[in-house]
Amino acid sequence: MTRYLLDVVENRSIGEYERAGGYQGLGKALSMEPGQVIEEVKKSGLRGRGGAGFPTGMKWMFAAGDPKSPKYIACNADEGEPGTFKDKAILDENPHLLIEGMAIAGHALKAELGYIYLRGEYLKEKDILETAISQARASGYLGENIMGSGKRFDVHVHLGAGAYICGEETALIDSLEGKRGQPRLKPPFPVNSGLWGSPTIVNNVETLANLPFIVREGAGRYVRIGDPGCPGNKLFPVSGHVERPGVYELPMGTTLREIIYEHAGGIKNGKTLKAVIPGGISAPVLPPGLIDCPMDFVSVQKQGSMLGSGGVMVFDEDTCIVRVAHRALEFFERESCGKCTPCREGTGWLRGILERIETRQGREGDIRLLEDVSKNITGNTFCPLGDGAAAAVLGFLMHFREEFAEHIKNGCPFGPDDLNPYHYNPVQP
Amino acid sequence: MIEFVINGKNIQAQPKTTILQAALANGIYIPHLCWDRRLLPYGGCRLCLVEVEGMHKFLASCSTPVKAGMIIHTETPKLEKARRTVLELLLVHHPLDCPVCDKAGECDLQDLAFKYGPVASRFADERKHEPESTAAPLIERNANRCILCGKCVRICKEHQGVGALNLIGRGFKTKVSPAFEETLDCEFCGQCVDACPVGALGTKSYKFRSRVWFMDEQENICPYCSVGCTSVLSLRDGQILRARGKDGVGISKGDLCPRGRFGFDFIESEHRLSTPLLRKEGKLEPASWQEALEFTARRLAEIKEAHGPRAIGALGSERCSVEDNYMLKKFMVLSLGSKNVDSRTRLGYAKQVEALKKTFGISRLALDLDAPLKADVIFVLESDLTSTHPVYGLKALAAHRDLKATLIVADPRESKLSRWSSQWLRIRPATGVALVNGIMSALIEADLFDKKAEAVKGFDELKKTLERYKPSAAAVMAGVSELDIRHAASALAAAKNPMFMACFGSSENTKGEGTALALMDLAILLGRGPEALGLPPEFANTMGTQMVLEGGETGLDAVEMLYGGQMKALVIMGENPVVTFPDTTRVMNTLGGLELLVVQDIMMTATAKLAHVVLPASGWGEKEGTFVGMTGKPQKIVKCLSEIGQGIPDWKILRNLGRLMHTDLDAKSFAGLSASALADIEQRQETAHPVFIPVEQETRESADGGHPLLFATGNLMQHSGSLTTISNNLDSAAPDAYLQINPSDADARRIYNDSFVKVSGRNGEAIYLKARVTDEVPQGMVFAPAHFAHAKVNLLTLPSKNGEAPIAAVKVDPA
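Protein sequence lines correspond, in order, to chains L and Z. Residue numbers for the first sequence follow my numbering, so the first one is 1 and each next one is one higher. Residue numbers for the second sequence follow my numbering, so the first one is 1001 and each next one is one higher.
Pulled out of the complex, with its shape left as it was, chain Z reads as follows (with noise of 0.2 Å):
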C-alpha cells in the first residue's frame, strides 16, 4: 500500500492506482470527461489537472500513478483557472443548443460548465456546421457536439475489440467517424453511446422523446441471455424510452450489449396478445378468460379421462420466471398427474448438464462472470460467446488483450474472438470432439498431463479411445495441423489456470453432448475441475427452468413429446416450437395431430397459430419474478410496466387454471409462491467427483456428392431466440435471415453476395435465403442465422439430445 495525502486527506492505495481513481475512491470529485473505468487512461481532456508539491507543472491525475509521499491538491485557485480555460475553449466550438439537446440535464460539459464554467465567453468563433450522420440504424451522431474526448473510440476498440469508430483528420478539424466517412455499420451494442459524456452520440430511439428530468428510472435484469447484465430503464407515462448501462450498476458492472441496451422494444410490439383466443369453426377468435379457461379445463380432463395423463405434456420456457416454470410443473403434476414437463433446454443447455452429472457428478455449474480474467489460458470450442453472451465473451477478450492471457479459439467460423486470439484452430464444422481428443492425446502422448488423472475412474478407456485421435488423425478428422494441436496441448499443459470455454445453445447444431464430455475430459485431465469450465447457459432462466422442471421425478423430455409422436394435449408456456425447435416439419406435424394445443405466450407466435387455446400472458417488465442465470444466483427482475390489454402473469393463469380443475396450487400470493420456487431450486448442494467418459467424434450427417456443404446454426449479437425479432429497434440493425457463404463455394455455383439462394437438405425440405458470401465461413460450410421465423431455418436443421452434434448437410444453388 502507498501512502499520500489528497487535500490533507490521508489515502492509501495499491500501487499503480492513478491519482483520479484514489481520489474517486475516497469520495473526492477531479472533474474529468475523457477517463473511463474500463479503459486506458488518455491524458486528452486535460480537466483532471492536479498539483502536486514539488512538481513543476500541473499532472494529468488520470494519468499519474500515485506515489508515496505525494501532497496532492485538487481544487486550489491555480487549477481552477486552468480548469475554467480548458472549459472555455470547449465551450469556444460547442453548441449552445442545450435546449434541443437530449443530454441536456445529464451532461458533463453542462454540468462541468455550471460549476467552473465562465459567464461569457473571451472569444467568439464560427461553430462547426457538419450534418448529423443518421443514416445508421440504432446510432446517431452530431459532430458538432463532439468534445473529442475520444471515449467512444476507445470503448469501441478497446473495451469492445470493435473499432467501428476512429478519430479522422487532424487538430481542430478531427471528427469522430468509421473510416472513411462510411455509414456505421457495427455491432450496434451502443456502448459508445453510454459513454459519451455529450449529446455527439444518441440513440435513434430515444430522440427528442423526453427531458431527462421527466423520467423514472428502474433498474431491471436483461430478459435475453444468461449473463444478467442490469439494464437501467428510463420510464415515462408507463412506457419504455430508453435502457442504459450504468457504471457499477449489477453484475455486469454498466456494460450491455445490442439486446440489453435496444431490446426492451419487443415488449410494445404491436403482435402482443391482448385477449385469450379460443378456436370456434376453425378459427381462433377472441374469448373471456372464463370461456377459455373453462374449455381448457375441460378438454384437458377429457383428454386425461380418454388416454391417461402421460399423454398430456407440458413445454416450459427459458424465458419465463422461475416461478411461471415452477407453477406450470405444478399443474401438470398436481392437476393433470403427468410428469411430462420440459423446455428446449433439452436441446441445447441441457447436453451440457448431462455431461457433467455424467463426468463430475454435479448438475449445475454456478459461474463467475470475471472468471476469465483470472485465467491464463483461454481454450473457446465451437463457440461465438461475444455473440451468444457477449458481455461475458467480453470478458475473455480482454483476458487476453489486457492481461496477456493466451486465447485459444478453435472455431471454423471466424469470430470477433477468433480474430483477437493467439491460436485459431479452424477446425471443420462440428469436429470439436475430434479436435479435442487429439489434444488429450498430445498431452498423453507427451506425458504433459495432470498425474492425478491417471487415478481417476475411466483414465484406461479414455486412453485406448484416445489411441484412434493420434494428433495425426485427429488432425485429419478435424482440419487442422498436427503441430497446430501439439502448440495447443502444451499451452494447455503450461497453464497455471487455464478456463474451457463453450456455449450450448438450443439453436447451434455444431455440438452434441459428445462435445461437452470431451471438453470435461479435457478439464479432467489437466487435473482441473469444473471451476474451470465456463460454459454459461443460453438464456436469462435457463438454468432456472432447467432446475425447476428437472426437479423430482419426470416423464417424457422435449423431443420425445414433440417428435415421439405420442402426445395428445401439449400446454406450451413461452416458447415457440415451430420455429425454434429442429425439423419444423415433424414439429408442425405433432403439433397438427393433437387434439389440444394450448398456448401461453405474450404474442402471436406461429405455434400460437396452431392452438385450439391462445392464452395472453405478460411480458418481462409487466410481472415480477426470478431469473437464474449463469451465476446460478436468482436475480429478481421487477414490475415496471402495467399489463397489456388482459394479459396476467403465467403463473396467474396456471394457478386459474388449476382452481378449475379443482386442485389447490398453493399460489395464494406471489411472495409465497417465488419462496416455495426458490426453496425447491436453492437445496442442492453438490461436490464433484471426477469421471473420465471418452467420446467418439461422431455427427448426425456428413457433407456428399448430393449435400456437399454442412449446414450451420445459431446467433446473431443482435438477437436473442426468436423473441428480438419483434424488437422494432434490433430488427433495424439486424433484420433479415442471410446464408454466410465461403467465396470459393459461391464462386463454384455463380452465386453472388446479396442474391437469393435456395437450401435443400436431406429431409426433401427447401429455403430460400440471401447470400453473403464471406470468408467468415470456410469452404464447406455455410451458416445462417436460426432468429428469424420467415427464414425457417429449422425446415433443415435435425432434433439431437444426445452425443452427436445433429448438424446437417445441404445443397446450395442459385434461386
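With the rest of the complex left out, here is chain L (with noise of 0.2 Å):
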C-alpha cells in the first residue's frame, strides 16, 4: 500500500523531505503549462477532502476561467469539527506537503499569494508551519523566484478566533478579510469573487497534500489508488472507543469494518459496538449492521450519512445515545453563527428538547417535535451547518428512535460515567 500523506518524514525537517522526493512535484509542475497542471488534476479525479467531495480539478478550472486578478488560494486549515483531526497529523508530521501542494495551485491558478487559515486552537501548528515556511522561502521553495522559474508565490499563516462557522469557505474569507466571520451570499461563488472580490481557490489541507504526489506521479498512477469513482488515499481519524484511535490512511473505499477492527484495534476493552458516526459529528450516525459500507462520498451517501470529513467516532454498548446527540447539539448551538433564524433559534430548541429528554423531563410527542423542527430546518438555512445539526438528530432518530423513547417513558437507562467522554453527563433536575 502507498502511503503519501503520513509517515513520510521523520522528523519534519525540510531535507528529510526533499529526500523522501518533496517539492519534486512542485518542480515538475513548474516546468508544466498551468492549463496542464489544472488538467492532470482533472484527469486524477482528486475530490475535496474538506466534507463536500467537490472535484478539486472543476474547481480550479472555474477560477482559472475567471479574467479577474490577482487570484488567491486560501487552504481550509480551520478544523474544527468534532471527531476530525486530519489536517492537523499533516500539520504536525509533514506540512512541507502543504506548502508544496500550495506551491503548486498557486502555479496552477496562476496565483502569487496563498493564505493558511488555520484553526485558532492550533497553536503548535501555527509555529510548525511558519518554521516550514520559513525553510521553503530559505530553499527556494517560495518567495519572488521560486525554483529558478521567474514565478512568484507565497504563504501566509492567519489564525483564526476558534469559531467553526469559519471552516465554511465564504464565512473563512470574511474572516481572513478581517471581518465578523458568516457565510456569504452565493453566488457569486469564491472562484469568482472570493478574497477581496478577486477569484480564490479555498481547498482543504488533506487536498492540497494529494496534490504533489499526483503531479509527481501522474493522474495515471493517483487513480489506481483507491476507490476507481474516486482515487487516492484518504486520512480517517479514529476517536471513541476503539483500541488504538489516531489517524490512518487508507485508501478511499476502506470499508468501515476495516477501519475499526483492524487497523483501530476493534472496540475497547472488548465491547460491542453500538454506533459510529462516519465523518465527523454533521454525518448522521449508522448503526453496527451498516459498517460494511466502503468508505467512500458514494457508498457513504447511499447508507444515509456522508463522508464528510472522514471523521469516524466509535461508540460501545455503554453509550447513551440521547446524550451523544445533546452533546452534539451543544456543539452546533455554540456554533452557530447567528445569521438566519432555523439555525440560529432551531439548535437551540433541539438542545433543548433532548437535555429534557435526557433528564427525564421528555414528554409524549418529543420525538415527533425533535423529527419536525429537524425537518423545517433542513434546507431552509443559509449555509450547511444548520443542515447538519438537523441530518444529525434525523440520523440519531432513524436508528435509535426506540432508545429516545425509553429515555422519556424511564429515564436514562446508563449511570453517571466520568471516565468515558461520550457519557456525558448533564446536570440534575
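What the hints contain is simulated information worked out from the structure, not anything from laboratory work. Worth double-checking, as some hints may not be accurate.
[Claimed, not checked] Calculated cross-link-like contacts (lysine to aspartate or glutamate; reagent style EDC-like; alpha-carbon spacing at most 20 Å):
{"id": "1", "chain 1": "L", "residue 1": "Lys179", "chain 2": "Z", "residue 2": "Asp1402"}
{"id": "2", "chain 1": "L", "residue 1": "Lys42", "chain 2": "L", "residue 2": "Asp227"}
{"id": "3", "chain 1": "Z", "residue 1": "Lys1470", "chain 2": "Z", "residue 2": "Glu1445"}
{"id": "4", "chain 1": "Z", "residue 1": "Lys1633", "chain 2": "Z", "residue 2": "Glu1219"}
{"id": "5", "chain 1": "L", "residue 1": "Lys375", "chain 2": "Z", "residue 2": "Glu1158"}
{"id": "6", "chain 1": "Z", "residue 1": "Lys1081", "chain 2": "L", "residue 2": "Asp366"}
{"id": "7", "chain 1": "Z", "residue 1": "Lys1128", "chain 2": "Z", "residue 2": "Glu1158"}
{"id": "8", "chain 1": "Z", "residue 1": "Lys1157", "chain 2": "L", "residue 2": "Asp127"}
{"id": "9", "chain 1": "L", "residue 1": "Lys179", "chain 2": "Z", "residue 2": "Glu1445"}
{"id": "10", "chain 1": "L", "residue 1": "Lys179", "chain 2": "Z", "residue 2": "Glu1053"}
Reconstruct the complex from the two isolated chains, following the hints.
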C-alpha cells in the first residue's frame, strides 16, 4: 500500500522531506503550463477532502477561467468539527507537503499569494507551519523566484479566532478579510469573487496535500489508488471506544469495518459496537449493521450518511445515544453563527428538547417534535451548518428511536460515567 | 426582459431582479424581515422562502435572481409550514411585551405572527434578560426584542457608511451592539430605528408617548438643508411626536438624516416668541400687534422721510418660504421704495450663482438627487457633503461603493467621503483654486482636455493663468504631491461622466467665488456643461430665496448693508446675523447704530434682543408655503400644527404692515400670493454658453508667526445653521461647539483633549472653546462648527462675497 500523506518524513525537516521526493512535484509542475497542471488534477479525479467532495480540478478550472486577477489560494485549515483531526496530522508531521501543494496550486491558478486559515487552537501547528514556510523560502520553494522559474508565490498563516463556521469557505474568506465570519451569499462563488473580491480557491489541507503526489507520479498512477470513482488515499481520524484511536491513511473505499477492527484495533475492552459516526459530527450516525459500507463519498451517502471529513467516531454498547445527540447539538448551538433564524434558534430548540429527554423531563410527542423541527431546518438554512445539525438529529432518531422512547418513558438507563468522555453527564434537575 | 411565472401570473422583469423584488413590484407579498430595498440581500430571516418547480429545496426569494421560465409559488402548504416554523422559532425568545412596546401596531413580527403564527408555542425557553441600552442620546436599544435580522447593522455600514453597530457574539448569543459593547456614539441619523422591523430600536423622544393607532400621519418637507427630503410626521393632540422616513416617499424615498428625523422639536422650543415686543425705556416689553405694527410703520415712514429709502434695508431668510420672501421684497419696493433686500445667501450660495452667471451665463442649477449615481468619476472639493447635505452626500458614497465610481475628495479635513474615497487629496485649507488650477494645467500639459474647449472664449487667458499653476507649482501651493494632481487629472480625463461636487455654505470660509469659478472652468475644460456640477444650495429654501430676492432690480446686498455703515433701518425676517454672519463685532456695531431694527422671527434670537420691535412669526409646520431646494422644483410645505401664541406667518406680518402704510400688496389669500410668487420665479428659461473665467489662488488671511493656524468654520451633520440648536433632540446629540486641532499642534501648545483653549484672531477678538484633539484636521488648521450662538465663533471670521476664500488666521493657546 502506498502512503504519501503521512509517515513519510521523520522529523518534519525540509531535508528529510526533499530526500523522500519532496518538492519534486512542484518542480515538475513549474515545468508544465498552468493549464496542464489543472488538466492533470482533473484527470486524477481528486475530490475535495474537506467534506463536500467537490471535484478539485473543476473548482480550479472555474477560478482559472475567471479573467479577474490577482487570484488567491486559501487553504482551509480551520479543522473544528468534533471527531476530525486529520489535517492536524499533516500539519504536525508533514507541513512541507501542504506548502508544496499550495505552491503547485499557485502555479496552476497563476496566483502569487496563498493563505493558510488555521484553526485558532492550533498554536503549535502555527509554529510548525511558520518554521516550515521560512525553510521553504530559504530553499527557494517560496518567494520571489521559486525554484528558479521566475514565478512568485508566498504563503501566510492566518490564525482564526475559534469559530467553527469559519470552516465554511465564504465565512473563512470574510474572516480572512478581517470581518465577522459569516457565510456569504452564493453565487458569486469564491472561484469568481472570493478574497477581496478576487477569484479564490478554498481547498482543504488534505486536498492540497494530495497534489505533490498527483503531479510527481502522474494522474495515471493516482487513479489506481483507492476507489475508481473517487481515487487516492484518505485520512481517517478514528476516535472513541477503540483500542488504537488515531489517524489512518488508507485508500478511499476502505470499509468502516476494516478501519475500526483492523486498523484501530477493535472496540476497547472487548465491548461491542453500538454506533458509529462515519464523517464528523454532522454526518448521521450508522448502526453496527451498516459498517461494511466502503468509506467513499458515494457509498456512505447511499447509507443515509456522508463521508464528510472522514472522522470516524466509535461508540460502544455503554454509550447513551441521547447524550451523544445532546452533546452534538450543544456544539451546533454554540457554533451557529447566528445569521439565519432556523439555525440560530432551531439548534437551541433541538438541544433543549434533547436535554429534557435526557434529564427525564421528556414529553409524549417529543420525538415527533424533534423530527418536525429538524425537517423544517433542513434545506431552509443559509449554509450547511444548520442542515448538519438537523441531519445529525434525524440520524440518531432513525436508528435509535426506541432508546429515545425509553428515555421519555423511564429516564436514562445509563448511569453516570466520568471516565468515558461520551458519557456526558447533564445537570440533574 | 426575463419571463417567468409567480403564482400562475406571467411576470416580466429585468435580469438580476430577485424573485422578491419581482413579486413585490407585481403586488405579490412575500413575507420578509431582513430585506431592505437599499441593502444587499442578506438571506438571514428565511421567511421569504419560495417554492420553485424543479428545485429540490426552497429558495430564499430575497437573494435568488429570477430566471427565464421559472415557475414560482409563494404560498403553498409546505411553505406555510416552513414560515410558521421560522416564526415559532423567532417567538421562542421574543418577549411578548407588545402592550408596552412602542412598535406594537406597526411591527412586522406582530403582523406576521398574526398572519401565520401558531396559537400556542411548542417550546418554551428562558427569554433574554438583557438590560436596555439607554445611555446614548436619541437612540435606545432593547436587545430582548431583537430578532437579529441585521438590518440596523447593514443600513449603518452599507448604506450610511458608518458601521457604528455590529453583530457581536455568535449563534444564539449574538447581539447588536457598538464595538466592545460601548455606548453608541454615531451620527445619530436614526436610519437604524426606521429600519428595525420590531421594537428593538427606538427613539428616546417617542418612547412611551403614544400608541401608533392614535396618531395621524402628515408628510412634510424637511426644513433644514436643500435636499428637500420628505419627513413623515406622526401627530397627536396638535403635537409632533416623531418624524420618520417612509420607504418610497418623497425624493429621498425614505432616507433621512439626524436633522430630518430628530430636528422637528425646535418648533416647540421654550424660546419661541408668543407676542410682539416693543422696546420701551430700553427694554423689550410685550405689546399688542396694533401697537407694534403702528410703531413700526410710523418709524419706517419717518426714517424714509429723513434719510431716503436707500437708508432702509431688509434681510430675508433661507428658512422662510418663497411667499414670505416674495412679500418682503414687495413690501420693501412698494411700501418703502427701497430695493435693498438680500439674505445670507450672499455669503454662501450667491458665490456659486455669480460664478455660474459668469461662466455659463445661467443663474441656477436644478440638481438631480440621483445624478451622482450616474457618474463614473466624482470630484468633491473642500466640502463635507455627507454633513451639509447628508442624503445627497450618501449618493456620492453609494456611487463609489456600490457602482464603483472613482471618488476623488480634495479636502484638508477628514470626512466620511474622504474616508471612503478612491483618492484623498489632503490639500492645505482654502487652496482649492490652486489644486483645480493645477489639475487643469496637468490636463492641458498632457493634452487630455476636451478639444471643444479651445474654441471657448477665454481659453487663451486660462492657459496664460495656468502657466503659474504647473502641477509642480500647484502641488506646493496646495500641499499635495505633483503625482497626486496628475493622477486626479488623468482619472477625470478618462471619465465618461464626471461630476464636480461642492457646497458653498455661508458658514464655510474655505471657499470663495473663485473656488466655484475654478471648478466650473475645470468642467468646461473637460467638455462638460452645468449638468456635471453638483453644487447644492445650502438650506431648504436657499434657492427659492435667492431667486425671489434677486429678481428684478436690486439695491445694496447683505454685505454692503451689514458692513457698509449706511443703513438707518433694517427689517430682518427669520435671520440672526449676530450669530450667523461673520465678524460679529462689526455686525453688532451696525445693528446697534440703527435708528430702527425690526426683527420678525420664531424665537428670541441674539439679533432680536437688539431690536426695537420684535414680531412673532409662525414656524415650519405652522404655516403653508413653498420651498425651492436643490432640485429647483417648488415643494409645498404644509400646515399641520396650530400657531404658537400670537404668531402669524411672515407674509401676513408684512401684508399687515403694508396695509398700515397704505400700500396694497395684493395678498388677499395665501393661494393668490403663492401663485404670483411662484410665477415670478418659474419663468426663467436659460441656456448655458460656457466662458472660461481664469482665477488666481487667493485667501483673505494667511498664517504667520503671530497667528500660525488657519481657522476654518463649517457645519456638523447634526445641525443646520443656528436653528437646530433649539432642538432638544439634536442638542442632546451634538450639544456644544469645539475646536478640532491636530495632535501635533496641540502637543506643541500643551493642549489636551477636552481642555479649554483661547482662540485669538488678527482683529483682536478672542473666543474660548473646548479642544478636540484629532487628526481629522491637518497640522496648521483648526476647525470649529459655526452653529452655536454661545461659542461666538463668528467673532473671528471675515465677510467675503468675492473671489477669495475668507479663511482667518488665528492663535490658539491653552485657556
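**Request:** Kindly indicate which numbered hints from before are broken by the structure, ordering the numbers from low to high.
**Result:** Per hint list: 5, 7, 8, 9, 10 violated.
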